[in-house]
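K.L.:
Listed here are the chains, written in short residue letters.
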Amino acid sequence: MIPINVLMLEDRAPDAELVMHELKVAGYDAEVTRVDNKADYLQQLGSSYDLILADYNLPQFDAISALKLLNERDIDVPFIIVSGSIGEDVAVEAIHMGAADYLLKDRLTRLAPAVTKALDQKTMRDAKRATEERLRESQERFQRVFEEGSVGIALVGSDYRFIEVNDAFCQMLEYEHDDIVKLGIEDITHPDDIDPAADLSRQMFAGQNDAYRIEKRYLKKTGDVVWVQVSVSLVKDKEGKPLYSIGVVQDVTERRKAEKELEFLALHDALTELPNRTLFTDRLSHAIVTGTRDSSSFGVLVMDMDRFKEVNDSLGHQAGDLLLQQMAERLRLALRQADTVARLGGDEFGVLPTNTTSAELTIVTARKILASLDLPFAIGEARIDAGLSIGIAQFPEHGRDVETLLRHADVAMYVAKRNKTGLAIYSQEHDEHSAGRLALMTELRQAIRNQQLELHYMPKVDFRTRRTYGVEALVRWRHPVRGLIPPDQFIPMAEQTDLLSSLARWVLETSLKQLDAWRRAGLELSMAVNLSAANLHEASLPEMIRDLLAKYKLDPSALTVEITESAIMVAQADRTVRRLSDMGVGVSIDDFGTGYSALSYLKTLPVDEIKIDRSFVRDMAVNPDDAAIVQPTIDLGHNLRLRVTAEGVEDEDTWLVLESLGCDAAQGFYISEALLPAELEVWLKQSAWGIGAETGESAARLRGEARVR
Amino acid sequence: MKPEVLVVDDDMPLVRVLALHFETEGYPVRVATNGREALAQVRLRHPAIMVLDAMMPGMSGVEVCRQVREMDGGGDIRIVMLTANSQVEEAAKEAGADAFMTKPFSLQALSAEVRRLIPEASPASTE
Numbered sequence: 001m002i003p004i005n006v007l008m009l010e011d012r013a014p015d016a017e018l019v020m021h022e023l024k025v026a027g028y029d030a031e032v033t034r035v036d037n038k039a040d041y042l043q044q045l046g047s048s049y050d051l052i053l054a055d056y057n058l059p060q061f062d063a064i065s066a067l068k069l070l071n072e073r074d075i076d077v078p079f080i081i082v083s084g085s086i087g088e089d090v091a092v093e094a095i096h097m098g099a100a101d102y103l104l105k106d107r108l109t110r111l112a113p114a115v116t117k118a119l120d121q122k123t124m125r126d127a128k129r130a131t132e133e134r135l136r137e138s139q140e141r142f143q144r145v146f147e148e149g150s151v152g153i154a155l156v157g158s159d160y161r162f163i164e165v166n167d168a169f170c171q172m173l174e175y176e177h178d179d180i181v182k183l184g185i186e187d188i189t190h191p192d193d194i195d196p197a198a199d200l201s202r203q204m205f206a207g208q209n210d211a212y213r214i215e216k217r218y219l220k221k222t223g224d225v226v227w228v229q230v231s232v233s234l235v236k237d238k239e240g241k242p243l244y245s246i247g248v249v250q251d252v253t254e255r256r257k258a259e260k261e262l263e264f265l266a267l268h269d270a271l272t273e274l275p276n277r278t279l280f281t282d283r284l285s286h287a288i289v290t291g292t293r294d295s296s297s298f299g300v301l302v303m304d305m306d307r308f309k310e311v312n313d314s315l316g317h318q319a320g321d322l323l324l325q326q327m328a329e330r331l332r333l334a335l336r337q338a339d340t341v342a343r344l345g346g347d348e349f350g351v352l353p354t355n356t357t358s359a360e361l362t363i364v365t366a367r368k369i370l371a372s373l374d375l376p377f378a379i380g381e382a383r384i385d386a387g388l389s390i391g392i393a394q395f396p397e398h399g400r401d402v403e404t405l406l407r408h409a410d411v412a413m414y415v416a417k418r419n420k421t422g423l424a425i426y427s428q429e430h431d432e433h434s435a436g437r438l439a440l441m442t443e444l445r446q447a448i449r450n451q452q453l454e455l456h457y458m459p460k461v462d463f464r465t466r467r468t469y470g471v472e473a474l475v476r477w478r479h480p481v482r483g484l485i486p487p488d489q490f491i492p493m494a495e496q497t498d499l500l501s502s503l504a505r506w507v508l509e510t511s512l513k514q515l516d517a518w519r520r521a522g523l524e525l526s527m528a529v530n531l532s533a534a535n536l537h538e539a540s541l542p543e544m545i546r547d548l549l550a551k552y553k554l555d556p557s558a559l560t561v562e563i564t565e566s567a568i569m570v571a572q573a574d575r576t577v578r579r580l581s582d583m584g585v586g587v588s589i590d591d592f593g594t595g596y597s598a599l600s601y602l603k604t605l606p607v608d609e610i611k612i613d614r615s616f617v618r619d620m621a622v623n624p625d626d627a628a629i630v631q632p633t634i635d636l637g638h639n640l641r642l643r644v645t646a647e648g649v650e651d652e653d654t655w656l657v658l659e660s661l662g663c664d665a666a667q668g669f670y671i672s673e674a675l676l677p678a679e680l681e682v683w684l685k686q687s688a689w690g691i692g693a694e695t696g697e698s699a700a701r702l703r704g705e706a707r708v709r
Numbered sequence: 001m002k003p004e005v006l007v008v009d010d011d012m013p014l015v016r017v018l019a020l021h022f023e024t025e026g027y028p029v030r031v032a033t034n035g036r037e038a039l040a041q042v043r044l045r046h047p048a049i050m051v052l053d054a055m056m057p058g059m060s061g062v063e064v065c066r067q068v069r070e071m072d073g074g075g076d077i078r079i080v081m082l083t084a085n086s087q088v089e090e091a092a093k094e095a096g097a098d099a100f101m102t103k104p105f106s107l108q109a110l111s112a113e114v115r116r117l118i119p120e121a122s123p124a125s126t127e
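Line by line, the protein sequences are chains P and E.
Under my numbering, the very last position in the first sequence is 709; numbers go up by exactly one each time.
Under my numbering, the very last position in the second sequence is 127; numbers go up by exactly one each time.
Okay, chain P solo, but in the shape it has when bound (with noise of 0.2 Å):
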């Protein structure tokens, strides 16, 4: 049974019983409520019903009144009309005014079917209503966003007119609401902007796509340019024809301009405003590119400030600065703009000149940048004469390729210097540089061969004993004429080569057959060795080292490896360094501080310690600067659960301010200097940093807070 409210406009009871009984064999369950005059049957109508059924004769009132004032109310009730007789005339003027229906009483049974319909249209009706509300809704949104929105919007005929555009798309451009819509979009498009535009909107109104969003430049009625993002779509009538497109407009001026900023900061020199090394090599390689196509010849220039140093020092750093920045100027006066004038770092300016087709005109370039030095500089009060000191190489024949030639123009340059001549350009037998250290390396060959290499060991102490625990093993060539080479000198070419790979395991023994040595007399010392990038990118160095600590009995925890920064980012170190670690073997990371990459393998590599870098804690107890990275740099070690020592100790004072800071443990000269074995027996015995009885336990607690990750 359907419920139905029903108001029943009838004067004679019989007839509406009549009715009801229709209504409930045709399923409704009717709730009737009946009224004969027209006072009712307003007051009924403050109540909501879903169906009228009208008599058309009343004594004084008809269904015609009846239903005037329902539409007069802007009330929509299914209104049927059930009448005893009713003309035709009257049924048209009833159905004109919004009745469902009309039947006589005699023919009741088209009742129900009418009551359905009447009920299925009201139904429809209500729907209808619902949907047009929410698309008014919608529009009125739409309106108000299009009205008060902060962002632009346009909307944009296919003849790439505005048909209207928004307060904000005014503001933005600066032109006043009537004007803009008499233009076309390409009257406010930066003339180099108009033709990818112009292609996305013909494809879209092609019906190639619906939508695109594009990042141009709009012109300001002032002529300015605004950066924006548009996003355009098409809007379609119902036969998918395209009517017209809405663009969104936002300005991103400032982002760009931001971006702008951060790229040039990124391929430019801060204080000369240069490009800085990247961009000349960047440009260099393309020149390198062109030239070989073109089998086409050019100049590339590397000079540096010849008494940059004694400025530096005697004028003060800010002095030192002007003087760069000046020197830049000069530079730029003297090429034209086409020529790249770059800054390669410190006092060293490298030059790509154009139209440097032989080494003669690369040479004339040269010679104008030296003419443009003749006038001094002025620094403040003072006038310095600056010289530089030029090295040419020329494309190809002192190089194909962006290292060659930036390294023979250094070569060059360096013969410049000590010749005192101004400008040099490459030759081969300048390079003695590479003959030198060819021999060089075949003496290390032997050197190796014949043991005059020696290992010296530099102490290491914990702070909270005031006592040695262990000690760093550090290479020195005894040569027989140069005397004792200190490793800076020799390691870095012999990491060029294959010697290192012998080197590294000829430490490696001697400094554990030591160690073994030492323990065995009762030192219970830890052994620190340092490796290099090269070093951890041998694949057998975990198995060797195994094999040594093997042989010598040794426990892993009493080896740690000494690592630089840059090292544990080349290829494959990681993959060493875990295995060392899950050997037992201590890792440590040697001149913490000094590399330019992200830390974040702190986070990653199972590393035991860091070693701040002697240039930080030297300084640390004058210089504010380098006080203000040590302690963070503890902290950070801390936090990181690592241990922390310091290198470089020299004093009393630098000792006492990494006490307070919490360092862990500190070596440096105001300890010992590195010494021979036998030197360092005798120091362990008589120095107040000797061995003690804590040494050993020492060890193991710095090993085992280190061990804690």
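No lab work stands behind these hints: they were computed from the structure.
Check the hints yourself; a few may be wrong.
Derived SDA-like pairs (lysine to any residue); straight-line CA-CA distance at most 25 Å [to be verified]:
{"hint": "1", "chain 1": "P", "residue 1": "603", "chain 2": "E", "residue 2": "30"}
{"hint": "2", "chain 1": "P", "residue 1": "260", "chain 2": "E", "residue 2": "60"}
{"hint": "3", "chain 1": "P", "residue 1": "257", "chain 2": "E", "residue 2": "3"}
{"hint": "4", "chain 1": "P", "residue 1": "238", "chain 2": "P", "residue 2": "260"}
{"hint": "5", "chain 1": "P", "residue 1": "220", "chain 2": "E", "residue 2": "105"}
{"hint": "6", "chain 1": "P", "residue 1": "603", "chain 2": "E", "residue 2": "105"}
{"hint": "7", "chain 1": "P", "residue 1": "220", "chain 2": "E", "residue 2": "43"}
{"hint": "8", "chain 1": "P", "residue 1": "309", "chain 2": "E", "residue 2": "10"}
{"hint": "9", "chain 1": "P", "residue 1": "216", "chain 2": "P", "residue 2": "206"}
A quick note: this is a predicted structure, and the numbers were derived from the prediction, not measured.
Keeping the supplied structure of chain P fixed, place chain E upon it in accordance with the hints.
P.N.:
Then chain E, alone, in the frame of chain P:
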């Protein structure tokens, strides 16, 4: 997501240590090593907080601070100024810095200052 931190100092070693420290505490971090770069990063990223060295060659941190305050929305950025002495502190205060750390400072103190300025930024566990 924690608020973004922009670390600005011409001292590269310090920048690296501070960057890893804030990363470890779970903040997204950006860095800049001079004033212009800092301003460009601010325009691009609008960080929640800046740790800014007061004394840098070229454009000083004090000047950076002043310009940030003049930007649209630049007043919302919390600025901790790293200073070497109290004279600079006076100038930094005028430029609109919210807090100061005198070099040398501990990371714990710096983090505490950051948390004080953006209370919703208390660090999550890093493990």
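K.L.:
Mind checking the alpha carbons of residue 220 (chain P) and residue 105 (chain E) for me, to see if they're no more than 25 Å apart?
P.N.:
violated (50 Å)
K.L.:
Given the hint that residue 309 (chain P) pairs with residue 10 (chain E), test it: the Cα-Cα distance must not exceed 25 Å.
P.N.:
Satisfied, since the Cα-Cα distance of roughly 21 Å is no more than 25 Å.
K.L.:
Given the hint that residue 216 (chain P) pairs with residue 206 (chain P), test it: the Cα-Cα distance must not exceed 25 Å.
P.N.:
Holds, because 22 Å separates the two Cα atoms, which is no more than 25 Å.
K.L.:
Quick one, are residue 603 (chain P) and residue 30 (chain E) close enough, alpha carbons at most 25 Å?
P.N.:
Cα-Cα ~18 Å, so holds.
K.L.:
Take a quick look at whether residue 220 (chain P) and residue 43 (chain E) sit within 25 Å of each other, Cα to Cα.
P.N.:
holds (22 Å)
K.L.:
Quick one, are residue 238 (chain P) and residue 260 (chain P) close enough, alpha carbons at most 25 Å?
P.N.:
violated (45 Å)
K.L.:
Is residue 603 (chain P) within 25 Å of residue 105 (chain E), Cα to Cα?
P.N.:
Between residue 603 (chain P) and residue 105 (chain E) the Cα gap is close to 23 Å, so the pair holds against 25 Å.
K.L.:
Sort out whether residue 3 (chain E) lies within 25 Å of residue 257 (chain P), counting only the CA atoms.
P.N.:
Between residue 257 (chain P) and residue 3 (chain E) the Cα gap is close to 23 Å, so the pair holds against 25 Å.
K.L.:
Quick one, are residue 260 (chain P) and residue 60 (chain E) close enough, alpha carbons at most 25 Å?
P.N.:
holds (21 Å)
Hints 4 and 5, counting from the list given before, are not met by this structure.
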